[in-house]
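There are 2 protein chains.
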Amino acid sequence: MKIFPSSLCDIYEGSISSGLKKVITDLNASRLIIIADENTLVHCIPKLKNVIDADYIITTKSGEHHKNLDSCKAIWSKMIEAGADRDSVVLNVGGGVVCDMGGFSAACFQRGIQFAHIPTTVLAMADAAIGGKLGVDHEGFKNYIGLIRNPAFVWIDKSFLETLARTEIISGLAEIVKHAIIGSRNLWQLLSEVQEIDDIPWDKVFELNIPVKAGIVEKDPEDKGQRKMLNFGHTIGHALESYSLSVNQHLTHGQCIYLGMLIESKISATTGRLKNVDFEAIVDVIDRFRGPEKFSLPDFEKVKPWLLGDKKKSKGKIGYSLPEGIGSCAWDIMVEDYIVIESYEWLQAQAKSVPFRLSVDE
Amino acid sequence: MKIFPSSLCDIYEGSISSGLKKVITDLNASRLIIIADENTLVHCIPKLKNVIDADYIITTKSGEHHKNLDSCKAIWSKMIEAGADRDSVVLNVGGGVVCDMGGFSAACFQRGIQFAHIPTTVLAMADAAIGGKLGVDHEGFKNYIGLIRNPAFVWIDKSFLETLARTEIISGLAEIVKHAIIGSRNLWQLLSEVQEIDDIPWDKVFELNIPVKAGIVEKDPEDKGQRKMLNFGHTIGHALESYSLSVNQHLTHGQCIYLGMLIESKISATTGRLKNVDFEAIVDVIDRFRGPEKFSLPDFEKVKPWLLGDKKKSKGKIGYSLPEGIGSCAWDIMVEDYIVIESYEWLQAQAKSVPFRLSVDE
Chain A
6 MKIFPSSLCD IYEGSISSGL KKVITDLNAS RLIIIADENT LVHCIPKLKN
56 VIDADYIITT KSGEHHKNLD SCKAIWSKMI EAGADRDSVV LNVGGGVVCD
106 MGGFSAACFQ RGIQFAHIPT TVLAMADAAI GGKLGVDHEG FKNYIGLIRN
156 PAFVWIDKSF LETLARTEII SGLAEIVKHA IIGSRNLWQL LSEVQEIDDI
206 PWDKVFELNI PVKAGIVEKD PEDKGQRKML NFGHTIGHAL ESYSLSVNQH
256 LTHGQCIYLG MLIESKISAT TGRLKNVDFE AIVDVIDRFR GPEKFSLPDF
306 EKVKPWLLGD KKKSKGKIGY SLPEGIGSCA WDIMVEDYIV IESYEWLQAQ
356 AKSVPFRLSV DE
Chain B
6 MKIFPSSLCD IYEGSISSGL KKVITDLNAS RLIIIADENT LVHCIPKLKN
56 VIDADYIITT KSGEHHKNLD SCKAIWSKMI EAGADRDSVV LNVGGGVVCD
106 MGGFSAACFQ RGIQFAHIPT TVLAMADAAI GGKLGVDHEG FKNYIGLIRN
156 PAFVWIDKSF LETLARTEII SGLAEIVKHA IIGSRNLWQL LSEVQEIDDI
206 PWDKVFELNI PVKAGIVEKD PEDKGQRKML NFGHTIGHAL ESYSLSVNQH
256 LTHGQCIYLG MLIESKISAT TGRLKNVDFE AIVDVIDRFR GPEKFSLPDF
306 EKVKPWLLGD KKKSKGKIGY SLPEGIGSCA WDIMVEDYIV IESYEWLQAQ
356 AKSVPFRLSV DE
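So the sequence lines, in the order shown, correspond to chains A and B. 6 is the number of the first residue of the first sequence in the numbering used here; add one for each residue after it. 6 is the number of the first residue of the second sequence in the numbering used here; add one for each residue after it.
No lab work stands behind these hints: they were computed from the structure. A couple of the hints might just be wrong.
No copy is singled out in the list; a pair is fine if it fits within one copy or between any two copies.
[Stated by the list, open to error] For lysine-lysine, the following DSBU-like pairs were computed, each having C-alpha atoms within a straight-line distance of at most 35 angstroms:
| no. | residue 1 | residue 2 |
| --- | --- | --- |
| 1 | 78 | 66 |
| 2 | 52 | 322 |
| 3 | 7 | 307 |
| 4 | 83 | 66 |
| 5 | 209 | 163 |
| 6 | 307 | 78 |
So here's chain A without its partners, still in its complex pose (with noise of 0.2 angstroms):
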């Protein structure tokens, strides 16, 4: 078991049966209560089951379009039922979605109770656990209510992934090839030797991820400055998710990171400024690993009323975190909207001209 020094909270890495008991223990919970998705109801909880002992575990349903404030009412009500108290501790079983929903629930219940993540997903080992965002999407908008508050501890455990799905783990990779690009060479490195997905090594990856998600937050917890890096890929990335949920394609939301990440990193070079042979290797990295799935990239038209609501947007410009080689990004930059227009089209036009790896499917 490792223990990576964050000022955010405490992040362990290892097997939940190497610590997790006395670190429980020692949160002195009053009541301790899971929270689960329905997969990981079946496929995580009988693992924690051997290792810890929980008052109560509340299920939600599994999947981004629950996420929302009807499942955290719902979550609230068994909180009640269950007799939480504010020395009781929430512990979210799951991936991001229960990660973010999850901890927005605890962290408003009673104002406020301790709460911790066992993430079990790519996403939320890499990314959603770590950094204290919470909340909910409203009305097809992402992560429009909630809040930010650490956790009390996460604890990755790299065993979950085994029963994850490959599109899932695909997903949860885009998160760490954007922490490469905007933050770490040496991750870079490491992302660009692997060759199948089966062959990623995971412990090496996470002791390269963790620092570069913990490092940014720390330095900006309130996402004022330096964080809106984290941004890279998610301007674009969270219009394509918003958009299509609203149109039930279900996209997952790495699928939708990467699409981002290729029309910013687009637009990065358009602007001068990523060099072309950096963003021609973004590209082959990020095509080797968001798979063969096809897809079908809407008209810009389609995208624009939510890429124009984006939370990013402030005092009605949209400021764009763009990567400035690997390694670095720059943030809160203003881009003109033809330049935006002719990075998706390029993208789109891709997808026209490369059947298969960007193909149509309409």
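Position chain B relative to chain A; hints supplied.
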């Protein structure tokens, strides 16, 4: 215009025409969004419109019954409709419900935007607007969903009280009486001399009241220690209020707190913390302030579930905040159930023996 020194936020007292415009301008809002209720929309917003320009007004329904998550959802949808972004500012214009709920809505919108309070009731001016406690009720449990975050500023303009119903003034005075009992002999002296509600010297009252509330909160913003003093009267008061909401009896918050303070003072006297002379003085002032409204105290068994579900409960035990004289209060005091019941029944018997002041109305 007077500014109270406080580390919580700037607290202004005076006419809104004497500087509110500049204070708001200094917040540099991308959009200024007012949250009002049906009452303040009619009685207060016109006054405000003479002083400041808002981009959008969101109106909520009046009353504790509407302080819930469904109202928040409606507010959040309106905020999106209003084009609110992370640089927008929410101005809550109303009583405790508007300040608590509007503040919570702002504090969770896009993970938290700035907000300020213009309290328009005695309760909000004296208590709810100061200290950063935000939230809504859930399934009848008071303030179960919320968080602690301070506004950018609070502006207290007593002229808003001119249109306030007398029952609301009486209700709000309960928190001022509480502040006097737990923390200010000077305020207690002032209140003891008041013969008629209409003669209350508001400037002087707020001048003594605000430092009590702000001072306690400053020393314990997260409610882990001495802030619990502010719960005096509220452990039983909230149980009565939740019960009254559940049976549609509509007791005001203040009436419940007066009753809670009477019962909890009796507990304090019974357990030897409060001298009889102080106990009698408390009963005397409270009876004078809370007016001649008729009400019925339900049997203890009816209130019990609400009392046991009270959020001050910690590890199954309820910690009471009990005065130890005028201007001093202990907290986290465990009290045997039979003493709570005896004290409750003392007040119930009072009600039966003194028709009118404490009459049973069934």
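The hints, checked one at a time:
Taking the shortest alpha-carbon separations for residue 78 and residue 66, both the intra-copy value of 13 angstroms and the inter-copy value of 20 angstroms come in at or below 35 angstroms. In this homomeric assembly, residue 52 and residue 322 come within 35 angstroms of each other (Cα to Cα) only across copies, at 33 angstroms, whereas the closest approach inside a single copy is 47 angstroms. For a Cα distance limit of 35 angstroms, the shortest separation of residue 7 from residue 307 qualifies neither inside one copy, at 46 angstroms, nor across copies, at 53 angstroms. Taking the closest pair of Cα atoms, residue 83 and residue 66 come within 35 angstroms of each other both inside a single copy (14 angstroms) and across two copies (27 angstroms).
Taking the closest pair of Cα atoms, residue 209 and residue 163 come within 35 angstroms of each other only inside a single copy of the chain (11 angstroms); across copies the shortest separation is 63 angstroms, beyond that limit. In the homo-oligomer, the alpha carbons of residue 307 and residue 78 lie at most 35 angstroms apart both inside one protomer (32 angstroms) and across protomers (26 angstroms), since each shortest distance falls under that limit.
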